[in-house]
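Colleague: Residue-level listing of the chains:
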Amino acid sequence: GESVGLHLPTLSVQEGDNSIINCAYSNSASDYFIWYKQESGKGPQFIIDIRSNMDKRQGQRVTVLLNKTVKHLSLQIAATQPGDSAVYFCAENAGGTSYGKLTFGQGTILTVHP
Amino acid sequence: GAVVSQHPSWVICKSGTSVKIECRSLDFQATTMFWYRQFPKQSLMLMATSNEGSKATYEQGVEKDKFLINHASLTLSTLTVTSAHPEDSSFYICSANENGVGNEQFFGPGTRLTVL
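Quick note, the sequences are listed as chains U and V, same order.
Take 1 as the starting number for the first sequence in our numbering and just add one per residue.
Take 115 as the starting number for the second sequence in our numbering and just add one per residue.
One chain only, chain V, in its complex shape:
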C-alpha cells in the first residue's frame, strides 16, 4: 500500500518555541492531506484539511494562527505548532488520500510532541 512518513517521530521543545512537523507521501501524490491530534487514551481528532496550493481548512476550535499548515507540493504538508505550550503536548498524525484513488486514507506513523 501507499506509504506516508512523518518527521520527526518525536520532539521535545521548550515552552514558547515553534516546532515544525513534516508529512510526506512517499510513493503517491496527494492533493489533500489531513492533520489529527491524539491525546493519551483518546481518539483521533481532526484538526485541519491541508490542500495543495491553497489555504488549509481548520476544524472548529482549532486556532489557525497557532497551528500553521503549508502544503507546498503534492507530496509534502507541514504543520508548525507556534509558541508551543505544555497543553500542546500530544501525538500528531497526518494522513493522505492518493489522488484519484477512492476514499482510502493512508496514515503516517505519528509525531510525539512534548512541550516542557
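Next comes chain U alone, as it looks inside the complex:
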C-alpha cells in the first residue's frame, strides 16, 4: 500500500525558464535509459531515451545527459511551459535477459508557474 510520509521531489519554475530534473540509477549493467512524463490520472508518456554508449542526446526542447561514472541521468527542458507541469520519471533497462523490463525512479513533480 501507500507509504506514509513519502514525498516526491518537487521542482517549481517560472514559465520560460529552463528546468533540470535529476535521477540516480542503481544498476551499473543498465544500457538503456528513458525519461517519461506522467500527467495526473494518465499513463507515462515517452519523452526521450539514451543508450549507454552515449552521454548526451537532444530532442525538441529536451536534452538528456548520462553520466555512467556516477550513475546519474538528467533531463533538461528548455523554455519550460505550463503544459510541461507533470511528474517526470527516469527508467532504466538492464538489457540481456531483462530485455524490456524497466525499473522506474521515484519521480519528480515539475510545476511551471505562468
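If you are wondering where the hints come from, they were derived from the structure by calculation, not from laboratory data.
Heads up, the beta-carbon is just placed ideally off N, CA and C, and yes, glycines get one too.
To spell it out: a stretch of chain U is covered by chain V in this simulated footprint if at least three of its residues, at any positions, have a beta carbon under 8 Å from a beta carbon of chain V; those stretches are:
{"hint": "1", "region": "37-49"}
{"hint": "2", "region": "105-111"}
Derived, one-sided and incomplete: chain V residues facing chain U with beta-carbon distance under 10 Å:
{"hint": "3", "residue": "TRP124"}
{"hint": "4", "residue": "THR146"}
{"hint": "5", "residue": "GLN156"}
{"hint": "6", "residue": "SER157"}
{"hint": "7", "residue": "LEU158"}
{"hint": "8", "residue": "ILE207"}
{"hint": "9", "residue": "CYS208"}
{"hint": "10", "residue": "PHE220"}
Add chain V to chain U, keeping to what the hints say.
Modeller: Same frame as chain U, now just chain V:
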C-alpha cells in the same frame, strides 16, 4: 506512435470479487507486455511480464495466484485481480514492446481500481 489501450479506465468493486483489466496494442503486435502498479504519489512498480502463448513471469513479491495474467493473442493481455481487497486499490498500467522494433515501450492510459 503505437497506441496501447486499457479497459476499463476505472472500476469500483466490492471486496472479495474479481476484476479483469484488458490491455490491447491497437496498431502493432506485441509478444511481450508488462503490467505495472502505481500507488498514489509513488513510482511505477513492475508486477509481471506477460508473454504471448506462455506463462507470465512475476516479479518478486507479486502473488501469481492473485494477479492472473493471460496473453492469448499478439494484441491482448489481461490482468485479473482475484478476491480483491481494499489494499489492491491502485492504478494499474500496462505497456507493450512492438515486435522487432527496438526497446521503446508504449504505455496504456491506466486503470484506476477501487476496492470497497
